[in-house]
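With chain A held as given, fit chain B with the ligand onto it using these hints.
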Amino acid sequence: MRLWLAHYWLYIKAHKEMEEGGSQLVLQTAPFDARFPYTNQTKNCWQNFVDFHRCSKKLGEEHESCKYFKRVYTSLCPKGWVDNWNDQVEAGTFPGRI
Amino acid sequence: MLNNFFYIVNVCGKKDIPESWHLGFQEAAAPVMEEIVFFHDQIMFLLVIIVIVVLWLLVEALNGKYYDRDLIDGTLLEIVWTLIPAVILVFIASPSLKLLYLMDEVVSPALTIKAIGHQWYWSYEYSDYQEETLEFDSYMVPTSDLNSGDFRLLEVDNRLVVPINTHVRILVTGADVLHSFAVPALGIKTDAVPGRLNQAGIFIKRPGTFYGQCSEICGANHSFMPIVIEAVSLDRYINWMLSLSNE
Ligand SMILES: [Cu+2]
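The listed protein sequences derive, respectively, from chains A and B.
For the first sequence, full-length UniProt numbering assigns the number 1 to the initial residue and increments by one for each residue that follows.
For the second sequence, full-length UniProt numbering assigns the number 1 to the initial residue and increments by one for each residue that follows.
I should point out that these hints are in silico values taken from the structure, not numbers from a laboratory.
Since we're looking at a predicted model, the values are computed, not measured.
Treat the hints loosely; a few may be bogus.
Taking CB as the label site, the calculated pair distances span [said to hold, decoys possible]:
hint	chain 1	residue 1	chain 2	residue 2	range
1	B	242	A	40	30 to 36 Å
2	B	40	A	40	52 to 58 Å
3	B	108	A	90	33 to 39 Å
4	A	26	B	208	38 to 44 Å
5	B	196	A	34	19 to 25 Å
6	B	105	A	59	30 to 36 Å
7	A	89	B	88	53 to 59 Å
8	B	44	A	89	52 to 58 Å
9	A	60	B	119	37 to 43 Å
Glycine residues also receive a C-beta, built at the ideal position from the N, C-alpha and C atoms.
Bound conformation, chain A alone (with noise of 0.2 Å):
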């Protein structure tokens, strides 16, 4: 227990020293999601890309709720998938339902 508050003080630490310098790179990455805890997580990628694309369907692209959906599944996806998905998103072969 001592040994994970030793590491979440670190972690702190080094936050805040990188927003005090005021560095121009947010780090910032897909947050724990309570549907996956597990080690497989093909089914978070797949899940927030079906996600985004439904959202842009429903209220463009560009709206704030698309775009999380967008960043979550650029960070989990290997871009091969996505870049194969959205081939099959445009031919219309695309397997999920959106």
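Relative to chain A, chain B with the ligand alone:
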């Protein structure tokens, strides 16, 4: 005298690379690896006691002095030699399970890195920053191209740069066949399965260069696709990232 001592420490000591006749662990650079080392030491303690007791009982039995030919059964004896191993097993199983669940934990990460196994090299992707995904391949440096001081069969052309004191999520997948992403000093070994994303969390505690190798037989050059992680401070990581995205 002191010199001698340091020599011995150097030879037996744990380092960040594998070396010939290396029997122990490499020096832990992540809390999970520290826990693994503690667990190993704890089991070794029990193991040494058991080995000594069993050997002593064997020697005594073969010696033939202590026997009782009227002894047919002994309820108390049987209860004792059942309960003691059971208790020892509990002492091994409970920290083992604790460690297992600790290793599964990915504490809210600040950064996601994707490692993709290919025949026969690794490629890495950083795509947290909205612009272009930063991706590059990491090939082994052939022996003929090594500089002096390099480690044979372990160096790569493009290292994976990871910030220290930061929770990092590593997502591992394969592009062709099964591979396995393993770095002993960080206590990670994750299968790279095509069509599946496996998650591992790392938290590096000190700057350094950590070496690992593909750990799932994946074909002819399986032995020649090492992993090199360069752990740097967060500032340096950010500078590296900015310099690459400005190019
Ligand atoms: Cu491999």
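Starting from the hint 52 to 58 Å, judge whether the C-beta atoms of residue 40/B and residue 40/A obey it. For residue 40/B and residue 40/A the Cβ distance comes to about 27 Å; the hint is violated.
Holds or violated: the 38 to 44 Å window for the beta-carbon distance between residue 26/A and residue 208/B? violated, 26 Å
State, for the Cβ atoms of residue 60/A and residue 119/B, whether the hinted interval 37 to 43 Å holds or is violated. holds, 42 Å
Does 30 to 36 Å hold as the CB distance between residue 242/B and residue 40/A, or does it fail? holds, 33 Å
Kindly confirm whether 52 to 58 Å is satisfied by the beta carbon distance between residue 44/B and residue 89/A. For residue 89/A against residue 44/B, whose Cβ atoms are near 55 Å apart, the range 52 to 58 Å holds.
That 30 to 36 Å hint for residue 105/B and residue 59/A (C-beta), does it hold up? Between residue 105/B and residue 59/A, where Cβ atoms are some 35 Å apart, the hint holds.
Verdict for residue 108/B, residue 90/A (Cβ pair) under range 33 to 39 Å: Because 35 Å falls inside the window, the suggested range holds.
May I ask you to test the hint 19 to 25 Å on the CB atoms belonging to residue 196/B and residue 34/A? 20 Å Cβ-Cβ, so the 19 to 25 Å window holds.
Is 53 to 59 Å a correct range for the gap between the Cβ atoms of residue 89/A and residue 88/B? Given about 58 Å between the Cβ atoms, the range holds.
The structure is inconsistent with the numbered hints 2 and 4, although it conforms to all the rest.
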